[in-house]
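Number of protein chains: 2
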Amino acid sequence: MTVSADCQALLAKYVVPVVPENVLLEDTAIIIDHGAIVDVIDISAVGERYPQATVQALPHHVVMPGMVNAHGHSPMVLMRGLADDLPLMEWLQNHIWPAEQAFASEDFVRAGSELAAVEMLQGGTTCFNDNYFFPNITAEVVEAAGIRALLGLPVMNVPTIWADDEAGYIDQGLAVVEQHGGHDRIGWAWAPHAPYTVSDESFCRLGELTEAGGMRLHLHLLETAGEIEQSLQTHGEHPIDRLVRLGLYNERLIAAHMTQLTAEQIEATARAGVSVLHCPAANMKLASGFCPIDRLDRAGVNIAIGTDGAASNNRLDMFAEMRLASLNAKGSALNPEAAPAARSLSMATIQGARALGLDHLIGSIEVGKAADVIAVDLDEAGSAPIHNVISHLVYAVGRHQVSDVWVSGQRLVQAGEVTTLDRSAIVANAQRWADKMHA
Amino acid sequence: MTVSADCQALLAKYVVPVVPENVLLEDTAIIIDHGAIVDVIDISAVGERYPQATVQALPHHVVMPGMVNAHGHSPMVLMRGLADDLPLMEWLQNHIWPAEQAFASEDFVRAGSELAAVEMLQGGTTCFNDNYFFPNITAEVVEAAGIRALLGLPVMNVPTIWADDEAGYIDQGLAVVEQHGGHDRIGWAWAPHAPYTVSDESFCRLGELTEAGGMRLHLHLLETAGEIEQSLQTHGEHPIDRLVRLGLYNERLIAAHMTQLTAEQIEATARAGVSVLHCPAANMKLASGFCPIDRLDRAGVNIAIGTDGAASNNRLDMFAEMRLASLNAKGSALNPEAAPAARSLSMATIQGARALGLDHLIGSIEVGKAADVIAVDLDEAGSAPIHNVISHLVYAVGRHQVSDVWVSGQRLVQAGEVTTLDRSAIVANAQRWADKMHA
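Residue numbers (numbering that gives the first Met the number 0), protein chains in the order written: chain A, 0 to 438; chain B, 0 to 438.
Hints were generated in silico from the structure; no laboratory data involved. Be aware that a few hints might be false.
Far from chain A, some chain B residues (derived; all Cβ distances over 10 Å) [unchecked claim]:
{"hint": "1", "residue": "His-33"}
{"hint": "2", "residue": "Thr-53"}
{"hint": "3", "residue": "Arg-109"}
{"hint": "4", "residue": "Asn-135"}
{"hint": "5", "residue": "Pro-158"}
{"hint": "6", "residue": "Arg-184"}
{"hint": "7", "residue": "Ser-198"}
{"hint": "8", "residue": "Met-214"}
{"hint": "9", "residue": "Ile-227"}
{"hint": "10", "residue": "Glu-250"}
{"hint": "11", "residue": "Ala-262"}
{"hint": "12", "residue": "Ala-269"}
{"hint": "13", "residue": "Gly-299"}
{"hint": "14", "residue": "Gln-409"}
Label pairs and their computed distance ranges (CB to CB) [said to hold, decoys possible]:
{"hint": "15", "chain 1": "B", "residue 1": "Glu-266", "chain 2": "A", "residue 2": "Val-18", "range": "44 to 54 Å"}
{"hint": "16", "chain 1": "A", "residue 1": "Asp-41", "chain 2": "B", "residue 2": "Asp-421", "range": "28 to 38 Å"}
{"hint": "17", "chain 1": "B", "residue 1": "Glu-266", "chain 2": "A", "residue 2": "Gly-272", "range": "49 to 59 Å"}
{"hint": "18", "chain 1": "A", "residue 1": "Asp-41", "chain 2": "B", "residue 2": "Met-436", "range": "18 to 28 Å"}
{"hint": "19", "chain 1": "B", "residue 1": "His-359", "chain 2": "A", "residue 2": "His-94", "range": "35 to 45 Å"}
Glycine included, every Cβ here is placed at the ideal spot set by N, Cα and C.
Model the full assembly from the supplied sequences, consistent with the hints where possible.
Below, the structure written as structure tokens:
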């Protein structure tokens, strides 16, 4: 194979490629060139086959695909810990929305997106699916940080600084896409907030736009039981029936939460090809209910994992979320075999990529894919001894063990520190925003 | 106040004393002398009042009581990740017990206890309640490590290397206490395994021994629904009724798990003064059920938090466990106000101390108590911005943010590394045990 003079060889003690599932490679090198994975070979063969490669020794590390955070609102990190231990609607209507009404702005979104990018990169997340105001600003941060993202164009019937009404939101979204166009690490999705904040008319419009653009429709769906009651009263039908009627219950739909599902709806979700974006921490913290991961998984539904915003989690930590996905699935199904370690690892990587329509590009360590990979240092007491690396990644490892992160072959985290952003300045700026909110 | 020449002053940005609950102090100094907390004052007053003190600046840290890990089996860290994603009885009977049968020994217990001590200390745990074979060996490790522990004297009807039958276990326990006697950081508890592995006769004997010695009775109780069915068949009564009949359902009983409880049993537990040792990760991972924390808490039951052994968790990480205690309580009760942050922090500290009968000595930052305190560094992206320190400690902080740990005023962790034990050698030794188990 012909590679350039600046190709890299990551010499890993362990590699977990994720595809195929539940496979562990030892003493394996990943060869990266022009941002892509060009080879995966035994370490002993590197010297002969890639003598020009810059080698990076990872002697007690596992290299795995970067994590895909499949549902979040990154700028909300600025509200981390602002209001806890409250019911969803009280939390949203009396704390979060008023704070957003008072403070959300381009500068707020930039400050929050930067902090979120640092937190996610340091924790091994290389791609995130977002939904917030000023996605154009978040896009600028994504470009600078070197991370990858699918950015939502928000739509709802609640007036905010971003738009006055649903039509206004859609116009804003069209303008953002028009202005920014394509970028190899940034995609756009339409992101209607929820069935209870979006009209049939707007849903239809978004259906056309997503179909024409080959885009995802990113929606909060069945987060709580109350949403169903409200839909029955307002629309005379269940939210899923409504989406089916509007022609939106299909493979473009990526639905966050889904804590309320009948057996028939699980089957319908599988047939439709809808992806579920599972947010176990937020669902538990807000006491919304348990997404039936075990049954969805057995029905063949593609499940991805998301942290949700830090105002309801309170961390953008995919290692914590992946572990919780397994624990939550087992505990709620009373089935200890639900969501075994290797499956949760898939949910946090390749299945997240699939939900976002990016599984041709990321989500696994395979030749030809982008080099979005992370190194996890297992040399610590909490990861000893090593009986099973995949078990450790899901149940034992903490985000602080992520030592290095690459996206498209660019090293974004080195020895635990972000290379592209100024962490100290970003943390200080976030604190200034918090102080302003308290004043 | 007269203090010695070697007194210390911890100058903390924040102090969370835990008692009283939900209080935050800023720019506060903790004065430590002869292993005890002798004063808690404003930083500005230290120079004048304690000019001789060795000062330790903690400018972006919160100092809080060391965590009390209220239920575990520390040497089982050597089986971390050995068997996952299995039902409790299959996991226990086909994997854990055979491994113990083959490998448990003095050397195994020493290696595991050392690894557990490193992991717990680095994660901010300063006291743990244990139950395993060779507690005399764990005691030696506790002495050397400088950590604090209540060590269980195991009793069950399963023959092991430690004893052949229940009477043999009791003899072993009596011999251990006789041999070791008192130690200011080590206490002993009787630890019958579970109602389904201990006879009425032995329970009665242990009731007499714990009453005579003012000791705790540390028991697995109602871990699964199956245990109740089995008790009804074998003993003709519910396990709690049996313990009541045997005179053991009282304030000396500390009961791990308790996932199956009726409303009447919750009230009876409160009246009896039984402490519940809540292990949310193990209960979820083994799909045992949800301990009704919200209802127990409202009934006034003292709830402590434990990690259980690393074979079923798979970490001895009280920060992860404390967060999960809140999430688990809210999610299972469908009540977002259950187990608010400050209450889970109490469960992980003062309520753990109370369960172990040590709340006169540890569990809070109060003048006169032992200086078992930890410093948590909030200077990282995942803990920014700071709206609410107590929320951060429970929902956002990871164990890696524990920078320093003191027990009885002795610094056991400094800048994240254990000072009293050789981490590298202990990790390497643990790996040799794992390799032996695989061979």
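The hints, checked one at a time:
1. For His-33(B), the condition that its CB be more than 10 Å from all CB atoms of chain A holds, with the nearest at approximately 30 Å.
2. Under the 10 Å C-beta cut-off, the non-interface status given to Thr-53(B) relative to chain A holds; the minimum distance is some 28 Å.
3. Residue-level check passed: Arg-109(B) sits 15 Å from the nearest beta carbon of chain A, beyond 10 Å.
4. A cut-off of 10 Å between C-beta atoms confirms that Asn-135(B) is not in contact with chain A; the least separation is 23 Å.
5. The beta carbon of Pro-158(B) is kept farther than 10 Å from every beta carbon of chain A, the shortest such distance being approximately 26 Å.
6. For Arg-184(B), the shortest C-beta to C-beta distance to chain A comes to about 20 Å, beyond the 10 Å cut-off, and the non-interface label holds.
7. Non-interface call for Ser-198(B) relative to chain A: holds, since the shortest CB-CB distance, roughly 29 Å, exceeds 10 Å.
8. For Met-214(B), the shortest C-beta to C-beta distance to chain A comes to about 30 Å, beyond the 10 Å cut-off, and the non-interface label holds.
9. Every CB of chain A lies more than 10 Å from the CB of Ile-227(B), the least distance being 15 Å, so the non-interface label holds.
10. Chain A leaves Glu-250(B) outside its interface by the beta-carbon criterion, the shortest separation being 29 Å against a cut-off of 10 Å.
11. Against the 10 Å criterion, Ala-262(B) stays outside the reach of chain A, whose nearest CB is about 20 Å from its own CB.
12. Consistency note on Ala-269(B): stated as away from chain A, and its beta-carbon is indeed over 10 Å from all of that chain's, at 23 Å minimum.
13. Non-interface status of Gly-299(B) relative to chain A is upheld: no Cβ of that chain comes within 10 Å, the nearest being about 20 Å off.
14. Remark: the non-interface label on Gln-409(B) is consistent with the geometry, its nearest Cβ contact in chain A lying 19 Å away (cut-off 10 Å).
15. A hinted range of 44 to 54 Å holds for the C-beta pair Glu-266(B) and Val-18(A), which are about 53 Å apart.
16. For Asp-41(A) and Asp-421(B), the hinted distance range of 28 to 38 Å is satisfied, since their beta carbons lie about 33 Å from each other.
17. Under the hint 49 to 59 Å, the C-beta atoms of Glu-266(B) and Gly-272(A), about 50 Å apart, fit the expected range.
18. Between Asp-41(A) and Met-436(B) the CB atoms are about 27 Å apart, so this pair conforms to the stated range of 18 to 28 Å.
19. Take His-359(B) and His-94(A): their Cβ atoms lie about 39 Å apart, and the range 35 to 45 Å holds.
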